[in-house]
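Given next are the chains, with one letter for each unit.
Protein chains: 4
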Amino acid sequence: MSILDPLFRSAALDQVFSDADRVQAILHFEAALARAEAASGIIPEASARAIVAKCRVENFDLHLIAQEAAQAGNLAIPIVKQLTEAVAKDDKDSARFVHWGATSQDAIDTGVVLQLRRALELCEQDLQRLSGTLVSLAEKHRATPMVARTWMQQALPTTFGFAVAGWLEAIVRHRVRLAEIRPRVFTLQFGGAVGTLAALGSNGPAVAKALALDLKLDLPAAPWHAHRDRIAEVATTLGLCMGTLGKIARDISLRTQTEVRELFEPGGEGRGGSSTMPHKRNPVTCAVALAAAKRVPGLVSTLLSAMVQEEERGLGGWHAEWETLPELVCLVGGALHHLAEMLPGLEVDAARMRENLEITRGLIFAEAVSMALGDRMGKLPAHMLVEAACKKALAEKRHLKDVLLREPGWHGQLTAADLESLFEVRNYLGSAEEFTARVLSEAVSFSARR
Amino acid sequence: MSILDPLFRSAALDQVFSDADRVQAILHFEAALARAEAASGIIPEASARAIVAKCRVENFDLHLIAQEAAQAGNLAIPIVKQLTEAVAKDDKDSARFVHWGATSQDAIDTGVVLQLRRALELCEQDLQRLSGTLVSLAEKHRATPMVARTWMQQALPTTFGFAVAGWLEAIVRHRVRLAEIRPRVFTLQFGGAVGTLAALGSNGPAVAKALALDLKLDLPAAPWHAHRDRIAEVATTLGLCMGTLGKIARDISLRTQTEVRELFEPGGEGRGGSSTMPHKRNPVTCAVALAAAKRVPGLVSTLLSAMVQEEERGLGGWHAEWETLPELVCLVGGALHHLAEMLPGLEVDAARMRENLEITRGLIFAEAVSMALGDRMGKLPAHMLVEAACKKALAEKRHLKDVLLREPGWHGQLTAADLESLFEVRNYLGSAEEFTARVLSEAVSFSARR
Amino acid sequence: MSILDPLFRSAALDQVFSDADRVQAILHFEAALARAEAASGIIPEASARAIVAKCRVENFDLHLIAQEAAQAGNLAIPIVKQLTEAVAKDDKDSARFVHWGATSQDAIDTGVVLQLRRALELCEQDLQRLSGTLVSLAEKHRATPMVARTWMQQALPTTFGFAVAGWLEAIVRHRVRLAEIRPRVFTLQFGGAVGTLAALGSNGPAVAKALALDLKLDLPAAPWHAHRDRIAEVATTLGLCMGTLGKIARDISLRTQTEVRELFEPGGEGRGGSSTMPHKRNPVTCAVALAAAKRVPGLVSTLLSAMVQEEERGLGGWHAEWETLPELVCLVGGALHHLAEMLPGLEVDAARMRENLEITRGLIFAEAVSMALGDRMGKLPAHMLVEAACKKALAEKRHLKDVLLREPGWHGQLTAADLESLFEVRNYLGSAEEFTARVLSEAVSFSARR
Amino acid sequence: MSILDPLFRSAALDQVFSDADRVQAILHFEAALARAEAASGIIPEASARAIVAKCRVENFDLHLIAQEAAQAGNLAIPIVKQLTEAVAKDDKDSARFVHWGATSQDAIDTGVVLQLRRALELCEQDLQRLSGTLVSLAEKHRATPMVARTWMQQALPTTFGFAVAGWLEAIVRHRVRLAEIRPRVFTLQFGGAVGTLAALGSNGPAVAKALALDLKLDLPAAPWHAHRDRIAEVATTLGLCMGTLGKIARDISLRTQTEVRELFEPGGEGRGGSSTMPHKRNPVTCAVALAAAKRVPGLVSTLLSAMVQEEERGLGGWHAEWETLPELVCLVGGALHHLAEMLPGLEVDAARMRENLEITRGLIFAEAVSMALGDRMGKLPAHMLVEAACKKALAEKRHLKDVLLREPGWHGQLTAADLESLFEVRNYLGSAEEFTARVLSEAVSFSARR
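Protein chains in written order, with the working numbering: chain A, 3 to 452; chain B, 3 to 452; chain C, 3 to 452; chain D, 3 to 452.
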């Protein structure tokens with residue numbers, strides 16, 4: 003755990019990937035293996051009990067494991083060694099059955115899968131919470147007009163609720179993806195030294211079945227030691243999710259700018275203050291999510307690169323996963339958690355949104371006018387007429403409506419009242435509300451299905 | 003098209019992402035839009051026909067499009083301009099209905115989706131072909147003994163068929179993933195300037211529905227301009243697939259080494275020759291796949307980074323996709339194609355595989371002995387006894403069996419005949435054949451379902 | 003060349019990395035090799051002349067080279083084959099001396115180095131032009147007040163010239179870096195099949211020396227086939243430069259937002275127009291540079307990954323460079339070129355900058371007040387007093403000065419006139435002008451030294 | 003510190019980037035700032051002494067700092083707060099001068115620079131040690147014949163010393179690069195809230211000068227808050243170094259394969275043992291270096307992406323550096339340290355190297371024959387003749403020399419004795435020894451200059 007963890011991560015995920023829980027996950031494998039082998043008649047029941055009794059991380063010397071792992075090249079070897087010694091202390095005979103027929107990678111990979119199951123459950127909880135908040139926000143603001151911006155320029159009116167619906171729909175897709183990968187990811191690893199379970203003679207498949215059952219993991223058709231797509235898929239799926247979280251943070255931070263001021267992260271004691279500028283309220287959660295969005299793509303690329311593992315069990319590629327995957331999960335999960343915490347308190351300044359719709363002096367209604375005229379005089383001539391009027395309005399700092407009222411080009415095509423109504427926000431929101439409603443319905447029905 | 007394309011890519015995918023097909027895909031959108039708007043009564047049928055008639059890339063000046071795109075910032079603007087001019091030449095009135103209510107991104111994104119549909123179909127064909135080859139290889143060699151290597155060291159015996167089954171199972175998973183993403187990827191983009199379809203008044207959803215139907219694309223709940231997970235997901239899914247292709251190439255290249263010589267890429271006129279070493283037969287297809295495996299992770303990370311797009315339509319992130327995504331698809335698809343072409347001709351030297359099982363002088367059977375003894379005298383003592391014998395065998399360059407025969411430690415535990423049989427390959431393949439059979443059955447049933 | 007090249011790249015760099023120039027660069031190597039070997043007495047002068055005469059890309063069939071490279075695994079093999087045939091047509095005896103003693107990688111790597119030399123020269127020209135523009139801008143606006151923004155929030159006053167000086171100083175550092183790498187990058191590759199130049203007997207070093215001299219390249223202590231730091235260093239150095247270019251584009255795009263409007267890319271016919279919003283002027287150059295800034299880091303990571311090349315000449319890693327490096331150079335050079343083209347026309351709205359200094363109603367002077375008070379009453383109490391006043395000013399939408407005038411807390415510490423002057427921009431620019439002057443002097447003296 | 007640290011990292015670098023040392027580095031800045039401001043007459047000498055006295059990490063509550071940083075958004079705010087409170091306890095008046103005129107980023111960035119200075123010093127020590135080992139190895143084995151492999155195929159003879167010289171020369175280049183970046187990296191950050199040092203009135207530059215002097219850092223022309231090339235350059239330079247370290251590990255791991263067995267990592271108690279295969283000696287250090295080589299490129303790309311920081315101080319990009327940079331430095335430095343530790347014990351089996359030169363039955367001398375014949379009968383005919391002989395030798399499992407002796411094609415061109423001598427390793431090592439000598443001389447003279 004490091005001094006920056008509370009800023010970037012969540013306490014619950016930190017726990018899942020703590021040293022203790024990492025070792026315990028490996029011990030869960032060893033305990034389940036003993037039970038499965040006893041159930042299959044491979045080792046004595048009493049030995050299984052003796053082994054299971056010792057599989058508690060509290061009894062292990064983590065510092066010694068760390069030192070020996072540096073020699074052995076992985077964590078499982080010193081863990082199995084300590085476990086064997088612990089069992090032997092009470093029951094010499096049973097000690098020989100520790101880790102029976104398994105290889106280090108079986109224990110380490112299955113351990114990681116068990117950690118991932120807990121981690122993705124935590125992520126799903128935060129995604130659900132985030133979805134709920136976004137549903138509320140989108141409903142509440144389904145008719146709150148806001149300027150839409152494209153290429154970082156004001157474009158046309160939209161509603162804040164529709165913008166939120168865009169975030170929401172992406173979050174729902176990520177939940178669908180995370181559900182789809184479950185059967186591939188939550189899968190037992192158990193193949194022995196080279197994937198053949200040769201050390202178990204012909205009993206391999208039976209033990210594997212019992213072991214999967216014990217750990218409530220899926221049983222794959224074959225061990226997958228050097229085939230890392232199951233692991234890398236967690237990274238890519240969370241990587242996609244991170245893109246959306248970063249986009250949400252980017253949107254909020256842009257709308258929080260001093261010149262825009264439509265949205266604010268909730269304040270609070272010591273929250274986002276500046277050491278030198280007492281008036282500032284920095285969007286700390288956005289910073290956290292944007293930082294994670296910068297970091298995660300590189301970590302995804304590492305895990306994809308690391309997939310090229312040699313033959314039956316690879317050299318270096320597998321080792322590259324051990325810290326990268328937890329880091330990636332914690333960063334995505336941390337950003338998700340902080341956003342899920344922050345968003346219920348998001349301050350929305352609907353009045354300011356309305357004011358910002360006015361600052362182009364009608365230019366954001368140029369398309370509305372252009373379409374209405376285009377309908378009558380052809381798209382290109384209309385576009386050119388309106389483009390000229392826009393330039394004039396800009397140059398003379400006048401309202402587009404006023405400029406147009408004095409332009410002869412469109413007379414006869416529209417009445418002045420028509421023109422007036424073209425500059426009403428509510429007349430140019432198109433299907434924003436309908437689209438929002440569809441997204442909400444989709445999101446609600448997804449949550450109901452789960 | 004560049005001089006290195008035939009080496010790294012496939013001609014069919016190159017075609018899909020050629021300039022001409024890229025422009026044509028955008029024109030498919032424009033034609034379908036005109037038809038959908040005519041069907042919805044938004045524009046006259048005759049205008050739609052006039053527009054559709056001009057939507058053929060042969061009539062467009064690609065060089066001019068390229069030049070104007072540099073000013074406009076995207077391809078759709080000059081394409082729409084040329085299309086409007088072309089329609090106007092014959093039918094001035096209809097020209098105004100070109101691109102009616104749409105924005106550049108609608109045309110460009112939908113165009114990309116249409117290209118991706120063709121591209122992923124080509125990939126699926128090659129994945130199917132590759133699967134078929136791997137099924138045959140795995141079946142043929144299900145009982146061909148080969149040494150398994152872990153950490154790039156000989157470990158235990160396995161079979162070549164089981165190694166192939168590992169590749170195959172991963173390939174099947176990639177086909178499952180590619181099937182899962184279809185409904186999210188093959189989806190219409192149509193939202194107008196800011197996603198509200200405001201220019202179409204209340205007709206937006208009806209036109210969108212007709213348009214999706216015309217293009218045989220799914221209709222999303224809402225436009226997804228700045229939400230790029232649908233696009234990035236193609237990258238991540240193919241990125242995972244690339245990892246497996248790279249792993250296959252790495253395995254083959256390792257087994258093709260002069261000192262190993264178990265596998266060979268097929269030869270042929272000018273294939274893999276060296277300019278200076280007439281005896282060499284370089285694994286060119288492996289080089290191609292390994293190069294792609296180096297390049298694709300960085301491209302995936304780019305597309306994930308690019309997801310952080312601003313507000314309603316982003317600046318820079320979207321533009322970063324335009325070349326990156328085609329490049330990524332062509333690299334993965336190219337490596338896949340070359341491997342699918344090469345693998346049916348892969349030469350397997352089963353005799354050499356057998357010879358390589360002998361070069362450790364029995365050391366790869368150490369585990370077999372260790373397990374058999376461990377069963378009787380405890381795992382740790384057995385491990386230590388065998389470890390000592392191995393060291394002796396190594397130091398004295400003797401066969402492990404001979405060393406053990408002279409070791410008193412295990413006497414009484416095993417007979418000499420027992421020991422002899424422990425050094426038989428076929429007695430230490432564990433469940434390799436059973437696992438292979440399971441994977442084959444899974445692969446065959448997957449292909450049957452499609 | 004692709005339809006998006008004029009948008010993202012520069013014509014001059016595209017030329018350097020065109021198929022024709024790539025082949026020609028390899029032919030430059032072959033010609034120089036013949037001359038060097040003739041000069042060293044290894045091959046006859048007449049043969050060298052016969053070879054040199056044929057080393058013109060115009061005489062080569064690029065399509066055939068592309069097809070054969072797909073079989074051979076690299077470009078040099080078919081090029082050497084065609085060259086040999088061409089020489090043989092006129093002079094059968096000389097044909098045998100083509101490519102004498104060299105390996106494909108010698109020709110390809112040295113060819114790339116020759117292309118890089120031209121490419122980096124073009125980059126340096128654009129960097130120099132960009133520096134010149136930034137020097138002018140910084141000088142012109144050294145005293146133009148502008149609000150400084152941190153964490154995307156208005157912070158304190160600064161000057162636009164100082165902001166430009168920040169860009170400029172980074173650009174100067176990039177020029178220094180690019181100068182530093184020259185001796186390592188512009189280096190001959192010549193080692194024969196495995197780096198020993200064995201095919202030349204004991205003449206290797208002499209030929210290498212003559213060859214380096216002929217090509218005006220540095221002569222390394224030894225060939226560097228599988229040691230790719232010289233190549234990867236081009237990528238990392240340009241990657242750093244891209245970061246600064248992206249930062250410049252980010253800054254401009256933020257200050258171009260409709261709500262900020264301090265800076266504008268120059269307009270022009272068809273420049274940055276929207277297909278649906280006639281009033282928009284999209285920052286196209288910023289989009290181009292930001293897109294490149296998204297793409298280049300992934301390409302750098304590819305080239306770093308690709309450095310892990312096997313033994314004397316690697317499999318896959320080397321191949322991964324062939325398209326990645328040109329793409330990276332063209333993207334960085336393209337963004338650089340477009341920015342260098344655009345920046346002289348950048349429109350600076352100094353009046354608007356001044357207006358934006360007012361929109362916080364004095365809050366950006368909070369630090370000025372805080373420091374002045376802190377001096378007298380302690381930093382923390384001052385910070386707290388000012389923080390409270392800021393909150394009040396925000397809540398009541400009043401000017402901070404007015405709120406403070408009514409606050410008793412600071413009375414006795416400052417006069418009302420003191421307070422008034424604390425809200426003068428020019429009194430709180432600190433050392434902005436001095437720092438700007440230092441940067442300018444550094445930049446000018448760097449340019450003078452070159 | 004995590005349970006995998008001893009495996010992947012070095013204890014000394016871990017210490018530099020520990021929480022305590024990170025906080026202490028920030029406190030070094032605060033102490034030096036107080037001294038510099040006292041020296042410049044900005045704050046009282048007594049206050050400076052009071053502040054300096056408290057700047058010891060032992061007195062700080064790291065847990066509280068972590069919690070408050072999560073609210074504040076950075077570490078400096080809670081550290082300054084605790085420091086102020088600590089000073090105030092003894093000396094209320096002096097407390098107001100803590101952090102006077104500085105911003106959080108000044109303290110954090112300068113703190114990082116101070117950590118980097120220590121870290122790069124440690125790296126240089128290990129690079130020097132590694133160079134020394136490589137110099138010895140290259141000297142010792144300058145004439146030890148070994149087969150050279152290209153594209154993972156045996157090619158021609160070389161010497162092991164020359165292969166080591168290749169590693170060595172790259173390492174020397176990395177040391178040159180690391181020396182070049184020092185003046186850009188070891189530079190003070192001090193600009194106040196927005197880089198103008200406005201809070202110090204006109205005293206900014208004087209304080210900056212004193213502060214740089216105090217910390218023995220270079221004084222830049224201007225602060226560099228949002229210009230991150232100085233930081234990113236550390237990442238790219240170490241990233242290049244990592245590529246070479248990965249290449250060394252790849253080479254060793256390939257030559258350690260059971261079928262090759264030319265090199266071995268030193269053994270030792272518990273070193274590289276397998277949990278299930280008692281005979282294995284896994285190359286643990288190679289695994290560590292290869293894993294780092296997989297991970298570092300993605301981290302470099304993160305730091306390059308993060309360079310696009312907004313305006314005066316960015317949102318998210320800066321935050322992305324805080325954990326990424328230390329991780330990158332520790333991974334590169336860790337791999338370097340483990341290699342530097344391991345290489346002095348590398349076991350070189352020169353006899354086995356010689357045996358491996360024989361396993362192609364003369365094929366690796368094909369080029370020697372080809373060149374000798376080419377000299378006489380033309381390169382292409384010679385190539386074809388030898389190629390045919392090679393095929394025959396392969397097909398019939400005969401020695402190439404024997405095949406050739408029975409081939410009429412070359413008779414008259416060479417004597418049988420000529421042919422015999424073409425198959426002598428020492429006659430086809432080309433300039434391997436000369437190149438090795440040059441590299442050694444370069445390396446020794448570089449070390450002498452330092």
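None of these hints come from the bench; they were simulated from the model. Some clues are possibly wrong.
The list treats identical chains as interchangeable, and a pair is accepted whether it falls inside one copy or across any two copies.
Below 25 Å or equal to it, Euclidean Cα-Cα: the simulated PhoX-like pairs (lysine-lysine) are [said to hold, decoys possible]:
#1 Lys218 x Lys399
#2 Lys94 x Lys83
#3 Lys91 x Lys393
#4 Lys91 x Lys142
#5 Lys83 x Lys394
#6 Lys403 x Lys94
#7 Lys83 x Lys393
#8 Lys399 x Lys94
#9 Lys393 x Lys211
#10 Lys94 x Lys211
#11 Lys403 x Lys142
#12 Lys394 x Lys91
#13 Lys393 x Lys403
Checked hints:
1. Lys218 x Lys399: neither (69 Å within a copy, 47 Å between copies)
2. Lys94 x Lys83: Classified as within: same-chain Cα gap 14 Å, cross-chain 58 Å, threshold 25 Å.
3. Lys91 x Lys393: Cα proximity of Lys91 and Lys393: none, with 88 Å in one copy and 29 Å across.
4. Lys91 x Lys142: The answer is neither: 65 Å in one copy and 50 Å across copies each exceed 25 Å.
5. Lys83 x Lys394: Between copies only: 24 Å across chains, 82 Å inside a chain, cut-off 25 Å.
6. Lys403 x Lys94: Result: close neither inside a copy nor across copies, 92 Å intra and 29 Å inter.
7. Lys83 x Lys393: between (79 Å within a copy, 21 Å between copies)
8. Lys399 x Lys94: neither (91 Å within a copy, 35 Å between copies)
9. Lys393 x Lys211: Cα proximity of Lys393 and Lys211: none, with 74 Å in one copy and 36 Å across.
10. Lys94 x Lys211: Answer is neither: 28 Å inside a copy and 70 Å across each miss the 25 Å cutoff.
11. Lys403 x Lys142: neither (31 Å within a copy, 37 Å between copies)
12. Lys394 x Lys91: Neither: 91 Å inside a chain and 31 Å across chains, both beyond 25 Å.
13. Lys393 x Lys403: within (13 Å within a copy, 38 Å between copies)
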